[in-house]
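Chains as they are written, first to last, in numbering that gives the first Met the number 0: chain D, 0 to 281; chain X, 0 to 474; chain A, 0 to 325.
None of these hints come from the bench; they were simulated from the model. Remember, predicted model here, so these are calculated numbers, not experimental data. Cβ coordinates follow ideal geometry from the N, Cα and C atoms, glycine included. Every clue listed holds true.
Listed next, the in silico DSS-like pairs over lysine-lysine satisfying Cα-Cα at most 27 Å (straight line): (1) 196(D) x 103(A); (2) 196(D) x 211(A); (3) 226(D) x 70(X); (4) 220(X) x 190(X); (5) 9(D) x 103(A); (6) 250(X) x 42(X); (7) 265(X) x 202(X); (8) 349(X) x 226(D); (9) 224(D) x 356(X); (10) 57(X) x 224(D); (11) 70(A) x 449(X); (12) 70(X) x 346(X).
Computed far set for chain A versus chain D, every beta-carbon distance over 10 Å: (13) 56; (14) 60; (15) 81; (16) 135; (17) 152; (18) 153; (19) 165; (20) 293.
These stretches of chain A come out as covered by chain X in the derived footprint (C-beta under 8 Å, 3 or more residues): (21) 237-251; (22) 259-272.
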Amino acid sequence: MRHETTIPQKIYKVIIYVSCILLAILSIIPFYIMIVNATRGTYEIQSNAISLIPSKFLSSNYKVFEGKSFNPFVGFYNSFIISTGATVLSVYFSSLTAYALVAYNWKLRQAFFTFIMAVMMVPGQLLSVGFYQFMYRIGWTNSYLPLILPAIAAPMTVFFMRQYLIGTLSLDIVNSGRIDGAGEFHIFNRIILPIMKPAIATQAIFAFVASWNNYFMPSILLTNKSKYTMPIMISQLKGDIYKTEYGAVYLGLTLTVLPLFLVYFALSKYIIAGVALGGVKE
Amino acid sequence: MKRFLALLLASLLLMSLALTGCKKDDTKEGSNKTDDTQQPPKKVEEVAKEVEDDPSVKTLNIYAFTDEVPKMLQKYKELNPDFPYEINETIIATTDGLYQPALDQALAGGGADAPDIYVVEAAFVLKYCQGDAYQYAAPYADLGIDVDRLLEEAEIAPYTVEIGTNPDGKLVGLGYQATGGAFIYRRSLAKDTWGTDDPEVIKGKIGPGWDKFFEAAEELKAKGYAIVSGDGDIWHAVENSSDQGWVVDGKLTIDPKREEFLDLSKKLKDNGYHNDTQDWTDAWYADMKGVGEKPVFGFFGPAWLINYVMAGNSGGEKIGEGTYGDWAVCEPPVGFFWGGSWVLANKDTKIPKTVGKIIEWITLDYSENGLQYMWANGTFDPESGTKDTVASGAVMKISNGEIDFLNGQNMFDAFVPAGEFANGKNLTQYDETINGHFRGQVREYTAGNKTREQALADFKQLVADNLDVEVDLDN
Amino acid sequence: MRRKGVSYAKYGYIFSIPFVLAYIVFQLYPLLFTTIIGFTDFKGIGRTDFKFLEDIFANFKSVIKNPSFQKSLGNTVGMWIVNFIPQILLALLLTAWFTNNRRKIKGQGFFKVVFYMPNIITQATIAILFSTLFAYPTGPVNSLLQSLGFIDAPIYLLLNKTLARGIVSFIQFWMWYGYTMIIFISGVLGINPELFEAAEIDGATSRQAFFKITLPNLRTIMLFTLVTSLIGGLNMFDVPKLFQAGGPDSATLTAATFIYNQAFSGSYLYNRASAASLIMFVIISICSATLFLIMYDRDAAKLRKQERKLIKSLKKAEKETRRMGK
Numbered sequence: 000m001r002h003e004t005t006i007p008q009k010i011y012k013v014i015i016y017v018s019c020i021l022l023a024i025l026s027i028i029p030f031y032i033m034i035v036n037a038t039r040g041t042y043e044i045q046s047n048a049i050s051l052i053p054s055k056f057l058s059s060n061y062k063v064f065e066g067k068s069f070n071p072f073v074g075f076y077n078s079f080i081i082s083t084g085a086t087v088l089s090v091y092f093s094s095l096t097a098y099a100l101v102a103y104n105w106k107l108r109q110a111f112f113t114f115i116m117a118v119m120m121v122p123g124q125l126l127s128v129g130f131y132q133f134m135y136r137i138g139w140t141n142s143y144l145p146l147i148l149p150a151i152a153a154p155m156t157v158f159f160m161r162q163y164l165i166g167t168l169s170l171d172i173v174n175s176g177r178i179d180g181a182g183e184f185h186i187f188n189r190i191i192l193p194i195m196k197p198a199i200a201t202q203a204i205f206a207f208v209a210s211w212n213n214y215f216m217p218s219i220l221l222t223n224k225s226k227y228t229m230p231i232m233i234s235q236l237k238g239d240i241y242k243t244e245y246g247a248v249y250l251g252l253t254l255t256v257l258p259l260f261l262v263y264f265a266l267s268k269y270i271i272a273g274v275a276l277g278g279v280k281e
Numbered sequence: 000m001k002r003f004l005a006l007l008l009a010s011l012l013l014m015s016l017a018l019t020g021c022k023k024d025d026t027k028e029g030s031n032k033t034d035d036t037q038q039p040p041k042k043v044e045e046v047a048k049e050v051e052d053d054p055s056v057k058t059l060n061i062y063a064f065t066d067e068v069p070k071m072l073q074k075y076k077e078l079n080p081d082f083p084y085e086i087n088e089t090i091i092a093t094t095d096g097l098y099q100p101a102l103d104q105a106l107a108g109g110g111a112d113a114p115d116i117y118v119v120e121a122a123f124v125l126k127y128c129q130g131d132a133y134q135y136a137a138p139y140a141d142l143g144i145d146v147d148r149l150l151e152e153a154e155i156a157p158y159t160v161e162i163g164t165n166p167d168g169k170l171v172g173l174g175y176q177a178t179g180g181a182f183i184y185r186r187s188l189a190k191d192t193w194g195t196d197d198p199e200v201i202k203g204k205i206g207p208g209w210d211k212f213f214e215a216a217e218e219l220k221a222k223g224y225a226i227v228s229g230d231g232d233i234w235h236a237v238e239n240s241s242d243q244g245w246v247v248d249g250k251l252t253i254d255p256k257r258e259e260f261l262d263l264s265k266k267l268k269d270n271g272y273h274n275d276t277q278d279w280t281d282a283w284y285a286d287m288k289g290v291g292e293k294p295v296f297g298f299f300g301p302a303w304l305i306n307y308v309m310a311g312n313s314g315g316e317k318i319g320e321g322t323y324g325d326w327a328v329c330e331p332p333v334g335f336f337w338g339g340s341w342v343l344a345n346k347d348t349k350i351p352k353t354v355g356k357i358i359e360w361i362t363l364d365y366s367e368n369g370l371q372y373m374w375a376n377g378t379f380d381p382e383s384g385t386k387d388t389v390a391s392g393a394v395m396k397i398s399n400g401e402i403d404f405l406n407g408q409n410m411f412d413a414f415v416p417a418g419e420f421a422n423g424k425n426l427t428q429y430d431e432t433i434n435g436h437f438r439g440q441v442r443e444y445t446a447g448n449k450t451r452e453q454a455l456a457d458f459k460q461l462v463a464d465n466l467d468v469e470v471d472l473d474n
Numbered sequence: 000m001r002r003k004g005v006s007y008a009k010y011g012y013i014f015s016i017p018f019v020l021a022y023i024v025f026q027l028y029p030l031l032f033t034t035i036i037g038f039t040d041f042k043g044i045g046r047t048d049f050k051f052l053e054d055i056f057a058n059f060k061s062v063i064k065n066p067s068f069q070k071s072l073g074n075t076v077g078m079w080i081v082n083f084i085p086q087i088l089l090a091l092l093l094t095a096w097f098t099n100n101r102r103k104i105k106g107q108g109f110f111k112v113v114f115y116m117p118n119i120i121t122q123a124t125i126a127i128l129f130s131t132l133f134a135y136p137t138g139p140v141n142s143l144l145q146s147l148g149f150i151d152a153p154i155y156l157l158l159n160k161t162l163a164r165g166i167v168s169f170i171q172f173w174m175w176y177g178y179t180m181i182i183f184i185s186g187v188l189g190i191n192p193e194l195f196e197a198a199e200i201d202g203a204t205s206r207q208a209f210f211k212i213t214l215p216n217l218r219t220i221m222l223f224t225l226v227t228s229l230i231g232g233l234n235m236f237d238v239p240k241l242f243q244a245g246g247p248d249s250a251t252l253t254a255a256t257f258i259y260n261q262a263f264s265g266s267y268l269y270n271r272a273s274a275a276s277l278i279m280f281v282i283i284s285i286c287s288a289t290l291f292l293i294m295y296d297r298d299a300a301k302l303r304k305q306e307r308k309l310i311k312s313l314k315k316a317e318k319e320t321r322r323m324g325k
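Working from the sequences, and respecting the hints, build out all of it.
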């Protein structure tokens, strides 16, 4: 059992690396094409949508932004506030709700979980409609709140956190906290949250990406130019079918993706490094 | 996973409109609204009303799908330094199907954020002028515009008026562009085939009518040329030259001229008269540069096709480079129009006088200070801006449409009469959807995947499945 | 300090309050609205009234009988299965590779990051990219096939129904396997490392450890993946819509695209769209419930076990506190 470096093992290793590299290439190509297209002119793109060779239109594409009053920094700022707010609320309250579902034995627990599951199966869009109407009525258009606060109730994240907690939570830890005299809320914040780091990082990435790329609801709610998010700004570049500034659109898409990379790389260490479950070891 | 269905959202958003409404319990605006009759309304005589603005209003809201009209407003503000309003632009692209739901919500929602002016595109103009959403549009006369006099003096192309007239016979929308289409062809290929590139001669070679067009296709084929790039090129001409729209009195109607498109498309493909491209794809653009499989003789399109699409894709920027300068325009085998924007005003606007003035300046002012004169003579930049055909015939007469792309030909000579052939009588609010289904089935037929009968039957079934339109499935 | 045994149940309610409040405020009302519309004559925009239909299920009947709906349902399920099975298998395989402590794969941090990347781009961009790749008569795939000598003349690839469906499935597969892998990996990281250490001491091979420890402990996360993927898959919309608008010849028409077309392609049949949404909701619920039934038992058993442990330790703790209090 100890002699695992036999020849088939080596072949196996080669297979692993080859497939990983192939998959990696497959993942990177579209980004590469997108970035290359950001440097190409609209007509170059029209006559040849896919190219691997950069061109020289980067600055003229950027100039299109100015003509369309597209300010990427304003877009970044707005998108950042919304996405960060929504992500923090979503992971924190989902963890709390999941903890309530796993750690406590209460009468309506099963019913509540079933409710969350049912809610999750309704296409999320169905919910957003009346929500929009409601926001319109109470005058919350052109506000970030309707894009941030609903993240408190994120059924899919709760479901994930619950599944994760069931697999990992040992109530001994909770108890040791109680013996030390800590309050329930304190235990959650100080003991449970650190245990959940990998799950939180995972869901934070997903939540951030979803919020960052979200286009429809912001585009309807935020009609004031100074509040526009990145995806809204890009849609302004599209205009109608015969006048799309493709080069600028790709540049906009590239700029939009960059912050996502940063967030992803920052959070991915929790996924990659395999942060040990601090609380478990006694 | 939360992002799928972004578009469904849009549909649901519209539903929510109804909920706001359903509380009012107003039964007389009843259930037959969707079966809007497809008989275009007759324009009635109109008298301009005296109107005043509400002095407490400080902003003017505009909804548009490009920055074209918002920029005109900026220009208007620049030209009128005492213009007191702040312009609040909402621009939502049509590409993701989101403009209409947002506009509908804003119109229904009312209040201070509601649009004063809104812009709609040919693809959905009917809905806002004559169809389900016409009740929001203010008649121009109610904005203090002397409609009847100006229409006549400005010589506005009749089809834009037809489209912009609401079911009560009042004018609610007009465009600034004229999008009558012509045939845009390669001079060098014409010379090689017929020994001349004179538009007067060429128009007699390719038309009138599809029979002559196919004769020309045969002659071009003998020289190794394709007459058009793909069947999409003739579709716009076929669609707009038909006598009836897709839906007549709530019933699906296949006009014989549109049904003939099946045969025309098949003929093009079987005889190799085209490069079998689809519009708006790489291969289509390549044919403008002359680098496709076979050199392509011509394209069907309005002036904007030259400005926004062909010039940039010709592979050059001055005469002699690429195909730049190797083009000319002549009368098409059948008259048609393609695209365009219409400008509408909200009937609830608090500043009707100002809105009326702006709309008049954009759509009906035929003087050299009007928007249309600028538009026709280089947009806002007479030196390097693009020239476009405009709705006012009076403006066209005093404008110069000579452009290098056409080797100095005055394009207005061909495009202005083209506006006369166009008609707005065969449009319906279902066109975008039904065209999509029809062309999909035509493609199946020409590719040999289906018989003609099967393609037609499947087309009818698709319309029946997806729309609230009566379909006779049995024949 | 209290005489009675401590009851923590109330915290279950307290901690659930934010979720419930946010839900009721933002989402409950439209849900009810959509449900009601499905039973009414509500269609067309600008309508100010609607009434319940005499045949209350008329919309549902007309949707179920609609040939396009039937076709779309088949397409949706087919394209979901074809993308989901390879997706979950690949994600599991990668998880096994990347969480293997004995055979450290060099650069695995890089790979994990990169595999998730397709999920960052918007689906619209991807769909358009793929339709360009397969374009006719000139497109990268066609020119490649021609230059390799496989075909003499360009083929209208996108008119091939099987291929079109295959491409949609592939896009879904490719966009989501990284996501699924990350979820699995985070699940594995949540497994008590002592289990693996013990297995190693017992001399288990990597393969044995994966099948005996990793997989069983991934059960709850697997359930999550299955259910969410089912929901996402049956609501598949962006890619088929933007790839070829449900074409060619309705080959990639999905249920969600169908619903969209009902509501939005000209006739504003909100009532039928609502009914179709509800039908989809019922189908998804039944499928999810089945998955839960199959996989739930052990979760419940585990919870019960933990509870027993908790009660036991609570009693112990109480005794200790009492003792200390004395």
